[in-house]
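Engineer: Residues per chain, in single letters:
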Amino acid sequence: MPKPHLALLAALLAAYGIQHFSDHIDPYHLDVLTGIGINVILAVSLNLVNGYTGQFSLGHAGFMSVGAYLSAAVTLFLGPKLLGEDGGTALQQGGLFLGALLVGGLSAALAGLVVGVPSLRLKGDYLALVTLGFGEIIRVTFQNVEFLGGALGMNGIPPYTSIFWVLAFVALTVFVVTCLVHSTYGRGFLATHDDEIASEAVGLNTTRYKIVAFVIGAFFAGIAGGLYGHFKLTITPTGFDFTKSIEIVVMVILGGMGNTVGVILAAILLTLLPEVLRPIAEYRMVLYSFLLIVLMLVRPQGLFNFRMRKAKA
Amino acid sequence: MIEAFNFPLSPFNFFSVSEFLQQLLNGVSLGAIYALIALGYTMVYGVLRFINFAHSDVFMVGAFIGYYMGKLVPEGTLWGGLGVLAVSMIGCAILGMTIERLAYRRLRSAPTLNVLITAIGVSLLLEYSGQVFFGAAPRNFPALFPVRNFAVGGLIVGSNQLIVIAVSVILMIVLQLIVYRTRIGTAMRAVSLNPKAAVLMGVNNDVVISFTFGLGSALAAAGGILYALNYPSIDPLMGVMPGLKAFVAAILGGIGNIPGAALGGLILGTVETFVSGSQWSTYKDAIAFAILIIILLFRPAGLLGRFTVEKV
Numbered sequence: 001m002p003k004p005h006l007a008l009l010a011a012l013l014a015a016y017g018i019q020h021f022s023d024h025i026d027p028y029h030l031d032v033l034t035g036i037g038i039n040v041i042l043a044v045s046l047n048l049v050n051g052y053t054g055q056f057s058l059g060h061a062g063f064m065s066v067g068a069y070l071s072a073a074v075t076l077f078l079g080p081k082l083l084g085e086d087g088g089t090a091l092q093q094g095g096l097f098l099g100a101l102l103v104g105g106l107s108a109a110l111a112g113l114v115v116g117v118p119s120l121r122l123k124g125d126y127l128a129l130v131t132l133g134f135g136e137i138i139r140v141t142f143q144n145v146e147f148l149g150g151a152l153g154m155n156g157i158p159p160y161t162s163i164f165w166v167l168a169f170v171a172l173t174v175f176v177v178t179c180l181v182h183s184t185y186g187r188g189f190l191a192t193h194d195d196e197i198a199s200e201a202v203g204l205n206t207t208r209y210k211i212v213a214f215v216i217g218a219f220f221a222g223i224a225g226g227l228y229g230h231f232k233l234t235i236t237p238t239g240f241d242f243t244k245s246i247e248i249v250v251m252v253i254l255g256g257m258g259n260t261v262g263v264i265l266a267a268i269l270l271t272l273l274p275e276v277l278r279p280i281a282e283y284r285m286v287l288y289s290f291l292l293i294v295l296m297l298v299r300p301q302g303l304f305n306f307r308m309r310k311a312k313a
Numbered sequence: 314m315i316e317a318f319n320f321p322l323s324p325f326n327f328f329s330v331s332e333f334l335q336q337l338l339n340g341v342s343l344g345a346i347y348a349l350i351a352l353g354y355t356m357v358y359g360v361l362r363f364i365n366f367a368h369s370d371v372f373m374v375g376a377f378i379g380y381y382m383g384k385l386v387p388e389g390t391l392w393g394g395l396g397v398l399a400v401s402m403i404g405c406a407i408l409g410m411t412i413e414r415l416a417y418r419r420l421r422s423a424p425t426l427n428v429l430i431t432a433i434g435v436s437l438l439l440e441y442s443g444q445v446f447f448g449a450a451p452r453n454f455p456a457l458f459p460v461r462n463f464a465v466g467g468l469i470v471g472s473n474q475l476i477v478i479a480v481s482v483i484l485m486i487v488l489q490l491i492v493y494r495t496r497i498g499t500a501m502r503a504v505s506l507n508p509k510a511a512v513l514m515g516v517n518n519d520v521v522i523s524f525t526f527g528l529g530s531a532l533a534a535a536g537g538i539l540y541a542l543n544y545p546s547i548d549p550l551m552g553v554m555p556g557l558k559a560f561v562a563a564i565l566g567g568i569g570n571i572p573g574a575a576l577g578g579l580i581l582g583t584v585e586t587f588v589s590g591s592q593w594s595t596y597k598d599a600i601a602f603a604i605l606i607i608i609l610l611f612r613p614a615g616l617l618g619r620f621t622v623e624k625v
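Chains H and C, in that order, are what the protein sequence lines are. Here the first sequence is numbered in my numbering, starting from 1 and rising by one per residue. Here the second sequence is numbered in my numbering, starting from 314 and rising by one per residue.
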């Protein structure tokens, strides 16, 4: 991309524009679009870890839940104190929401650091399992924190998520990930993916690259979690179990690991698919899992990956 | 017992001796089931070096075959129960071999990640098909075996617990005999040690791998029925948690190591039972993963496994 900053600016303006006309859009379509946006953020951020850096993580839903819970805690518990009785102006609410999202994202990034430092010493299957384990531990922990609603989860989260916020953060995520992997520093992620031993031999600190990718991925997962919480208005620990992680991983695989455009397309497709398949509701998940197996057998490099780069383990 | 003397940070100090033995018995019978499932994971990992995520759903299918077969035989008879157990084991062996043939065989030389995703896909397929064909609502598992409780000292020993332990021990002895005393067992060990060399020695890898899947799935089916006897509410997602925990047990014992899987299962089952009997019972699902993480960070080869260095 020649002028990524201009593209980001254009995307933010477009998001603002769509927000402006959102009254004229069917609410159902708006909801689907919001869902797509949140999934795109999740998939693109996971792609930085699983795709570009080649570290297979199955714990993305865990980081998403950290973001969802902490940002919801900010708006629920701090919000009334900061905004006063009348709920504040739209601008104040927006500021509070932005702050809440950042708190969610940063705490998820912190969780990513805590999880990443020990587990990124492992490889392949083992890394997948440890991240899965950490994701489940995060879930069980939230189930036991009474302050955050325990097993019942949190209710009555204010509906701050609008189409503007979602699209703006989609643009920001894509911008950060794209610029990062195309920067000089970011070549290190690709090198770590391609051949870890060779990268170490030429002096790259592969452990640091893996951790940086993990932390950035977790940050955006946290943001997506915050958007999700203020969109659904109710969050429960079971909504972030490892089925959710797998759902995000499937988007990354389907799009073709390390291919941002493909991953975005896959996230859109996989969010729309259940909506389109609603008439055959009972069988749609059977069909979905069947397609996943067939895809792996017939087109292991991903649905939208047209470069003939040989996939590496 | 006096409440005031309970030091809050120590979860075990309010177990009396008989309570302790009771929990130990419960833990061992849960551990035996984990061990049966863990054996399947560890054997498949031994020959193919990948995590068969679908194993936990074969376990679920085993329980459901038991549920449907249980309607055909008179309830609460020993021969009926054993017959159902045998049918379910055979059914799941066929299922396991079919999965290997259709999904995994074509990916023999593919990157680990693709095989892992395929395994997740097979797992989801079995779960969702289960929800369509068996229904998503939990069902009551019939009492297949005669139920009687024996009081030994202060302990209550359920006949189901005895059956779980007896069946598991017998199956593990049979497995040990197959692996170390038969030709196919020798071939399995050969493939697990070095697949290429095994082929050169005239071992048919496809047959061995297929057999391994059959054997592992049969053990999972037995585990499913025994699990359902003790926790008689079955649903298509029942395999997820026991499956993950059994996999942790396999890693704990050293993946690819058969006695290790049995040991890991027993340790995990016992620890989990003690935690769920303590004031930290709500954390019982987290304890398995905490053990997993500690083991992988400090002794990745497991308790009985051998540590291998990666060669460039």
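If you're looking for bench data, these hints aren't it; they were derived computationally from the structure. Mixed in with the good hints there might be a few duds.
[To be verified] Here's a subset of chain C near chain H, in silico, CB distances under 8 Å, partners left out:
#1 421
#2 429
#3 475
#4 478
#5 479
#6 580
#7 584
#8 592
#9 594
#10 595
#11 599
#12 609
All residues carry an ideal CB built from backbone N, CA and C; glycine is no exception.
Engineer: It remains to establish, for every hint, whether it holds in the given structure.
Structural biologist: Hints and how they fare:
1. Contact between residue 421 of chain C and chain H, as hinted, is not supported at the beta carbon level, the nearest pair being about 12 Å apart and thus beyond 8 Å.
2. Interface hint status for residue 429 of chain C: upheld, as the beta-carbon distance to the closest one in chain H is roughly 7 Å, under 8 Å.
3. For the restraint placing residue 475 of chain C at the interface with chain H, the shortest Cβ-Cβ distance is roughly 32 Å, beyond the 8 Å limit, so the hint is violated.
4. Nearest Cβ of chain H to the Cβ of residue 478 of chain C: about 28 Å, over the 8 Å cut. The hint is violated.
5. Checking residue 479 of chain C against chain H: minimum C-beta separation of about 32 Å lies over 8 Å; hint violated.
6. A hinted interface residue such as residue 580 of chain C counts as satisfied when its beta carbon comes closer than 8 Å to some beta carbon of chain H; here the least separation is about 16 Å, so the hint is violated.
7. Interface restraint check for residue 584 of chain C: the shortest CB-CB distance to chain H comes to about 15 Å, outside 8 Å, so the restraint is violated.
8. With 8 Å as the threshold, the beta carbon of residue 592 of chain C stays out of range of chain H, its nearest partner Cβ sitting at about 12 Å, so the hint is violated.
9. The criterion of a C-beta within 8 Å of any C-beta in chain H is not met by residue 594 of chain C, whose closest approach is roughly 10 Å, and the hint is violated.
10. At a threshold of 8 Å, the smallest CB-CB gap from residue 595 of chain C to chain H is about 5 Å, leaving the interface hint in force.
11. Taking 8 Å as the C-beta contact cut-off toward chain H, the hint placing residue 599 of chain C at the interface holds, the least distance being around 4 Å.
12. Taking 8 Å as the C-beta cut-off, the interface hint given for residue 609 of chain C holds, the closest approach to chain H being about 6 Å.
Comparing the model with each earlier hint shows violations of hints 1, 3, 4, 5, 6, 7, 8 and 9; every other hint is respected.
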